[in-house]
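From just these sequences and the hints, can you work out the full model?
2 protein chains.
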Amino acid sequence: MTDPQRVLIFDTTLRDGEQSPGATMTHDEKLEIAQLLDEMGVDIIEAGFPIASEGDFEAVSDIAKRSKNSVICGLSRANYKDIDRCWEAVKLAARPRIHTFIGTSPLHRGITNLGQDEMIERIADTVTHARNLCEDVQWSAMDAIRTERDYLCRVVETAIKAGATTINIPDTVGYTLPEESADIIRMLLEKVPGADEVIFATHCHNDLGMATANALAAVSAGARQIECTINGLGERAGNTALEEVVMAIKVRRDLMPFETRIDTTKIMNLSRRVAQVSGFPVQFNKAIVGKNAFLHESGIHQDGVLKNVETFEIMRPADIGITETNIAMGKHSGRAALRSKLADLGFEMADNQLNDVFVRFKALADRKKEIYDEDLIALMADSAANTDTDYLQVKWLRVVCGSDGQEAELKMVVDGVEKSAKCSGDGPVDACFKAVKQIYPTEAKLKLYQVHAVTEGTDAQATVSVRMEEAGRIVTGSASDTDTILASVKAYVGALNRLRVRSQKTAPDADLKSVSYKL
Amino acid sequence: MTDPQRVLIFDTTLRDGEQSPGATMTHDEKLEIAQLLDEMGVDIIEAGFPIASEGDFEAVSDIAKRSKNSVICGLSRANYKDIDRCWEAVKLAARPRIHTFIGTSPLHRGITNLGQDEMIERIADTVTHARNLCEDVQWSAMDAIRTERDYLCRVVETAIKAGATTINIPDTVGYTLPEESADIIRMLLEKVPGADEVIFATHCHNDLGMATANALAAVSAGARQIECTINGLGERAGNTALEEVVMAIKVRRDLMPFETRIDTTKIMNLSRRVAQVSGFPVQFNKAIVGKNAFLHESGIHQDGVLKNVETFEIMRPADIGITETNIAMGKHSGRAALRSKLADLGFEMADNQLNDVFVRFKALADRKKEIYDEDLIALMADSAANTDTDYLQVKWLRVVCGSDGQEAELKMVVDGVEKSAKCSGDGPVDACFKAVKQIYPTEAKLKLYQVHAVTEGTDAQATVSVRMEEAGRIVTGSASDTDTILASVKAYVGALNRLRVRSQKTAPDADLKSVSYKL
Chain R
11 MTDPQRVLIF DTTLRDGEQS PGATMTHDEK LEIAQLLDEM GVDIIEAGFP
61 IASEGDFEAV SDIAKRSKNS VICGLSRANY KDIDRCWEAV KLAARPRIHT
111 FIGTSPLHRG ITNLGQDEMI ERIADTVTHA RNLCEDVQWS AMDAIRTERD
161 YLCRVVETAI KAGATTINIP DTVGYTLPEE SADIIRMLLE KVPGADEVIF
211 ATHCHNDLGM ATANALAAVS AGARQIECTI NGLGERAGNT ALEEVVMAIK
261 VRRDLMPFET RIDTTKIMNL SRRVAQVSGF PVQFNKAIVG KNAFLHESGI
311 HQDGVLKNVE TFEIMRPADI GITETNIAMG KHSGRAALRS KLADLGFEMA
361 DNQLNDVFVR FKALADRKKE IYDEDLIALM ADSAANTDTD YLQVKWLRVV
411 CGSDGQEAEL KMVVDGVEKS AKCSGDGPVD ACFKAVKQIY PTEAKLKLYQ
461 VHAVTEGTDA QATVSVRMEE AGRIVTGSAS DTDTILASVK AYVGALNRLR
511 VRSQKTAPDA DLKSVSYKL
Chain A
11 MTDPQRVLIF DTTLRDGEQS PGATMTHDEK LEIAQLLDEM GVDIIEAGFP
61 IASEGDFEAV SDIAKRSKNS VICGLSRANY KDIDRCWEAV KLAARPRIHT
111 FIGTSPLHRG ITNLGQDEMI ERIADTVTHA RNLCEDVQWS AMDAIRTERD
161 YLCRVVETAI KAGATTINIP DTVGYTLPEE SADIIRMLLE KVPGADEVIF
211 ATHCHNDLGM ATANALAAVS AGARQIECTI NGLGERAGNT ALEEVVMAIK
261 VRRDLMPFET RIDTTKIMNL SRRVAQVSGF PVQFNKAIVG KNAFLHESGI
311 HQDGVLKNVE TFEIMRPADI GITETNIAMG KHSGRAALRS KLADLGFEMA
361 DNQLNDVFVR FKALADRKKE IYDEDLIALM ADSAANTDTD YLQVKWLRVV
411 CGSDGQEAEL KMVVDGVEKS AKCSGDGPVD ACFKAVKQIY PTEAKLKLYQ
461 VHAVTEGTDA QATVSVRMEE AGRIVTGSAS DTDTILASVK AYVGALNRLR
511 VRSQKTAPDA DLKSVSYKL
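So the protein lines, in turn, are chains R and A. Using my numbering, the first residue of the first sequence is number 11, and each one after it goes up by one. Using my numbering, the first residue of the second sequence is number 11, and each one after it goes up by one.
Please keep in mind that the hints were generated in silico from the structure rather than gathered at the bench. Fair warning: there could be bad hints in the mix.
No distinction is drawn between identical chains; accordingly, a pair holds when it is met within one copy or between any pair of copies.
With a straight-line cut-off of 30 Å between C-alpha atoms, the simulated BS3-like cross-links for lysine-lysine are [to be verified]:
1. Lys78 <-> Lys421
2. Lys455 <-> Lys372
3. Lys301 <-> Lys447
4. Lys447 <-> Lys405
5. Lys341 <-> Lys447
6. Lys91 <-> Lys429
7. Lys457 <-> Lys372
So, in structure tokens, the structure goes:
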């Protein structure tokens, strides 16, 4: 990196974000998000924690193979087995990175039962091992903010001497303030021998609502890598939001003379896509990517906006890729028009994928006169759901509900065999889900159920997201339809299909007790 | 204020929050939220913008009459008519405050066509007028952050000389950084004569995700009033979130030796209530009050939590009033038990209110075996909906939906007369809403439709929120039922009832083009 003002963006949506309870993504979704991140200009993609599960390993390895410009990074604890497995997964990337960590604060040393000196040895040993495998090694001091300052200098010096090229200083519990975040980076740069030869990274959590400010304060003090996720996805209150740090640097170049390589016009599409696949909706007033973030409706403000756009707008919607909603397509639109429109929206696809989407597009256009961009995005969101190759497929549904009770009749195909059921329940959704269970008995529990209308108006498509848990595995299913109840059943069945795939791939309790880890 | 480390909490959920497009609250909801804020220990409640509408005036005035410990504040522009109207509304409070403002940045001076000296005169004049009416006067320099520093000193000096007791420095466009926010307060305290005799306030917006850090930086530099809203509600990306600044001060007393008067154990209830009445859901990973904010699920973290709760927890759920979800009530629970449980959850009510809630509680208990705290909170949320005194009432509904089409039959009472309709539509919700429209024709447009399950499991109640717009008026309706479709119709009809009340009280375009204002 030649330009001293270049700030590297390290995205960990697929590792720290995906680790968030309920945000589990499928293999294909991970590949897609990685490709979008690469195209947006993310410098480093943390693709997963290879030793955590077979699925994680395969995802990191496939993302590595397909990577274009981004460095592909995998996480590993401070032992040879983790590091070797990580290297196996990332080595096919054009630019691989091994990321290894250990908890350095008194509380974490207590958990690992390592004394200060023993931990120093462990760090020297593991970082050297990683560096022997890979030229690009990142080392993190978990809970750095609560580590004694002197000891933090010692561990950082050790990691640098052992060959780490990036040193990450995580605020693991989301506890720091901007001044403190800056002070620690400044101290390390001043005191640690060799600090000027590595890149310092900041990794913040938002438990007190200050992740963005803390990350930027670290950069002002000399850090040159920000670790973040799309929509601030992550455990608890989440990680630093990529869109916030990137746009803040862009808007306040006067005070922060830094640069990132991010194409900000791709932010909105990525935000929507991550919200969809994670099942974590973005709140209306979320900074940058919330539905209301660019709405100006109070009277004085509206006047101001009309008279001079700068009065209240510090950013333009177009800066993050928001275009005017317009009637995108109708029932007479053809395959080429659909492909071109989808490409505009950020979806590139092969012919066989397009065929499937086109069939579903036509079915929607028969029922809904005006197809908006949002409708197409919703259509893409469940393009993988309920296809002829799925183990469970919904074939036909009839539901009666209202004041006098609720009843559902359902026909499904299970592993190629058609089955049917008729159930009553507490509400139409309960009746339907009971019918599914009668056809395909399962212990899976519904943890979350939510519905959003895709566009305005009563004939809008509804997107239903369900989150289910079985034996500690957590999956999200989503589906869209103008019929909310039908969408609910498809989302539910989609989630059951996913649970089935996961149970073949991973051990029980994979999500709850896996060797996952949050810096 | 005797203690120099006391930070005043100024809550503007009912003014700046409520002004957010779609977050309109009813009169009763405003009174309830004000009471909860007062009980939580908020120092100043900004209750509304009295001249904006008759409804705003009445809300501020009724809140003033009922206030206990909080100062009640109303907003007014820089003219006598606004200020007089504001005083009329707040004067019955035990501790009234007039808040007046003008835009001082070059862009805003351009809008009002006032030169620098003319604006100084206007400020002296209007603040003096306000101070002649009320001892407690707050003055705000709208867009202060983008005002020339020298001129900002001049206007602040003018307001202080004219008698303002609180000076507010808003970051109207959500543009500042912590260092800049602190620098401006520090400069004003150093340079402006009389600055040591007033309280400086900070009012931040979250457009770049830094409202919390900016507010706290201002406090570190000498500001002693934070303006904020519950859940960070507000236009665009919203305001500083009350729960974040209050908890940050509590958690990091080592670096921020300040105090607030807030009873933090009331935060969660207020957050839930504001989310319900505003129709603005809180995202899972929202700091402090998000559903996931206290979830620890990754493996290493779980071990840590078990071994030592401090390892990853910097706050306890109980600090903000989160208690374990447990089976609260069943069908055999009596009236006294219900009243006591509701009081625990923060709902105090008169006998006639309790009767209504008890009837609905029994109806729910017939259908749902286990009634959780969340079920009761949802029940309270629509306790005002669909009562016998409403203009529009839902009497009976039957819906058929699924693969072969959707049809709804509906019976309603309109102004005491029973009517019925039968309609088909694109989806069951569309069919139902069409039936409502056939019975009660309306031009109102559905702007938002969303459904959340109240608890886990397929037999959970669903809470449906709809946001509707007619002639520029925006209302939110919500209802809960185990039958999603029935809840949808009740929410829709509830919104129509609200629109009717609003259209009798306010002019068209009240929400879109009123003289509302966002600092």
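Hints versus structure:
1. Taking the closest pair of Cα atoms, Lys78 and Lys421 never come within 30 Å of each other, the shortest separation being 45 Å inside a single copy and 61 Å across copies.
2. Taking the closest pair of Cα atoms, Lys455 and Lys372 come within 30 Å of each other only across two copies (26 Å); inside a single copy the shortest separation is 34 Å, beyond that limit.
3. Taking the closest pair of Cα atoms, Lys301 and Lys447 come within 30 Å of each other only across two copies (28 Å); inside a single copy the shortest separation is 36 Å, beyond that limit.
4. When the C-alpha separation of Lys447 and Lys405 is checked against a cutoff of 30 Å, the pair qualifies only within one copy, where the shortest distance is 15 Å, while the shortest distance between copies is 32 Å.
5. Taking the shortest alpha-carbon separations for Lys341 and Lys447, only the inter-copy value of 27 Å comes in at or below 30 Å, while the best intra-copy value is 36 Å.
6. In the homo-oligomer, the alpha carbons of Lys91 and Lys429 never lie at most 30 Å apart, since the shortest distance is 47 Å inside one protomer and 73 Å across protomers.
7. Within a single copy, Lys457 and Lys372 get their C-alpha atoms only as close as 33 Å, which misses the 30 Å cut-off; across copies the closest is 25 Å, which meets it.
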